[in-house]
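**Student:** Chains as they are written, first to last, in the numbering used here: chain F, 1 to 222; chain V, 223 to 360.
Because the hints were derived from the structure by calculation, they are not lab data. Incorrect hints may have been included.
Some chain F residues well away from chain V (every beta-carbon gap over 12 Å; in silico) [stated by the list, open to error]: (1) K77; (2) D94; (3) K193.
Below, in silico cross-link-like pairs of lysine to any residue (SDA-like), each with a Cα-Cα straight-line distance of 25 Å or less [as the list claims (entries may be wrong)]: (4) K113/F to K176/F; (5) K117/F to E282/V; (6) K176/F to D351/V; (7) K210/F to K109/F; (8) K67/F to K176/F; (9) K24/F to E288/V; (10) K349/V to T139/F; (11) K109/F to T293/V; (12) K110/F to E288/V; (13) K124/F to D264/V; (14) K113/F to G269/V; (15) K219/F to P280/V.
Backbone N, C-alpha and C define an ideal beta-carbon position, used for all residues, glycine too.
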Amino acid sequence: MIRILRNFVKRMFNNIFSVKRHIKLGLYGPPNAGKTTLANRICKDWLGEELGKVSSIPHETREIQVKEKVEIHHKGKTITFKLVDTPGIATKIDYENFLKHGLSKREAKKRAKEATKGVIEAIKWLDDMDVIVVVLDATKNPYTQVNLTIIGNIAARKIPLLIVANKIDLRRADVKRVEAAFPEYDVVGISAKNGTNMEEFYESLFTIVKKARRRRKRKTTK
Amino acid sequence: MVKRTKKTKTISKKRDKLVIQFIPYSQIQPLSSYKRVKMLLDIVASGKIVFMQGRLRPEEEADLIEETMKTVGKSKHFKGIELAVFSPSQANLKGLTLLRKKIADALAGNRDVITVIGPAHIVREIKKDPTKLELMLE
Numbered sequence: 001m002i003r004i005l006r007n008f009v010k011r012m013f014n015n016i017f018s019v020k021r022h023i024k025l026g027l028y029g030p031p032n033a034g035k036t037t038l039a040n041r042i043c044k045d046w047l048g049e050e051l052g053k054v055s056s057i058p059h060e061t062r063e064i065q066v067k068e069k070v071e072i073h074h075k076g077k078t079i080t081f082k083l084v085d086t087p088g089i090a091t092k093i094d095y096e097n098f099l100k101h102g103l104s105k106r107e108a109k110k111r112a113k114e115a116t117k118g119v120i121e122a123i124k125w126l127d128d129m130d131v132i133v134v135v136l137d138a139t140k141n142p143y144t145q146v147n148l149t150i151i152g153n154i155a156a157r158k159i160p161l162l163i164v165a166n167k168i169d170l171r172r173a174d175v176k177r178v179e180a181a182f183p184e185y186d187v188v189g190i191s192a193k194n195g196t197n198m199e200e201f202y203e204s205l206f207t208i209v210k211k212a213r214r215r216r217k218r219k220t221t222k
Numbered sequence: 223m224v225k226r227t228k229k230t231k232t233i234s235k236k237r238d239k240l241v242i243q244f245i246p247y248s249q250i251q252p253l254s255s256y257k258r259v260k261m262l263l264d265i266v267a268s269g270k271i272v273f274m275q276g277r278l279r280p281e282e283e284a285d286l287i288e289e290t291m292k293t294v295g296k297s298k299h300f301k302g303i304e305l306a307v308f309s310p311s312q313a314n315l316k317g318l319t320l321l322r323k324k325i326a327d328a329l330a331g332n333r334d335v336i337t338v339i340g341p342a343h344i345v346r347e348i349k350k351d352p353t354k355l356e357l358m359l360e
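Modelling step: build the complete structure from the supplied sequences, incorporating the hints.
**Tutor:** Quick look at the structure:
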C-alpha cells in the first residue's frame, strides 16, 4: 500500500515538473556541415534572430550554444524546444590546418585547443538530449567513421534521430548517397543557407519531437 | 665523434619505422571499457597503427574520441587519430545463417570485424570499401 502511494506521488511529481521542461533538441555532426547555419535558420524563421556566427573555417563553433525556447508552428500545431547547437565532432584537430585559412600561428593554436574542448563538450551533452538532428554535408562522403560513431551513439541511447543532408544548393550534393548510407533513418535534404526544403524539415521535426515526448512520458511513468 | 654520428643515425632509423600492432579479440575481451580505450590510445599515441580484431561499442568509440581530444596538444606530434571499422559484407547471408551469425556475434563478440586506428600524424586518411582498406600515410 505504501509502495503504491509512493509511486503515485512520484508519478504526479514527475508529471508536474517534466512537462514544464522543454524538449532538448541537439544539432550534431562533423565540423563544417552547417549545424550553426541550420540553427540560425530555425531561429531566424521563428524568433527573428540568429544564434551564432558561421564561417568557412572549420570549428567556428567551439562552445555549446543554447536557445532556451524555440516555438515552431506547423499545420495548426505547435512544438516548443530548447535548441542546442554543438561543436563539430572530429577525431583529429591539427592547428596547421587553420593556418591555411589565414590565421596566425597563435590564433590557430588557440583555436585548436578550444576545438578539442568543444568536441569533449559535445560528446558529454549527448546524454542530455531528447531529440537529435544530425547535420551532414551532402557533398561529402557520408560513410566516415565520425558519422557512424555519432549515429551509433545516438542509436545506442535510443534518442529519436533525424538526419539532415545539408548544402543541397551545391552541385556535388547527393542526398540519395546519404539515404543509402543510413537507410533506417529519415533523411531530409535541405539548404540551411538558402532555406530550401525547410517545410519538409519542419514536418519531420514535428514527427521526431512527438516521438521524443512519448519516450519521455514512458520514462517518467516507469 | 664517430660514435655520436652512429647513435644519431640509429635513432632516426627507429623513427622511420612504421609499426603495426595486431590486437586479438582475446586481449581486449576481458578488459573494462575504460581500460580498452586507454590501452588503444596509449598504443596509438606512441606512434603505432593498431589492427584490432573486433570492434568497440558505440559508447567506447565516443570515449575514445573524448580521450583522444584530451591527449591532443599534450605531445608535440599527436594531432588525433584516424579510425575505421572494416567488416565483411553480410549481404550474402540470409535467413537462418544470418540469424545464427547474429546470435554468435552477440554471445562471443563480432570477430569478423577489424578496427584500424592510427595516429593522425602518420595516417592521413583511411579509405575503405567492402573488399579493401587503404591507409594513406603522411
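**Student:** Next, verify each hint and record whether it holds.
**Tutor:** Structure-based check of each hint:
no. : hint             : result
1   : K77              : holds, 33 Å
2   : D94              : violated, 4 Å
3   : K193             : holds, 27 Å
4   : K113/F to K176/F : violated, 36 Å
5   : K117/F to E282/V : holds, 18 Å
6   : K176/F to D351/V : holds, 18 Å
7   : K210/F to K109/F : violated, 43 Å
8   : K67/F to K176/F  : violated, 32 Å
9   : K24/F to E288/V  : holds, 22 Å
10  : K349/V to T139/F : holds, 17 Å
11  : K109/F to T293/V : holds, 15 Å
12  : K110/F to E288/V : holds, 19 Å
13  : K124/F to D264/V : holds, 22 Å
14  : K113/F to G269/V : holds, 21 Å
15  : K219/F to P280/V : holds, 22 Å
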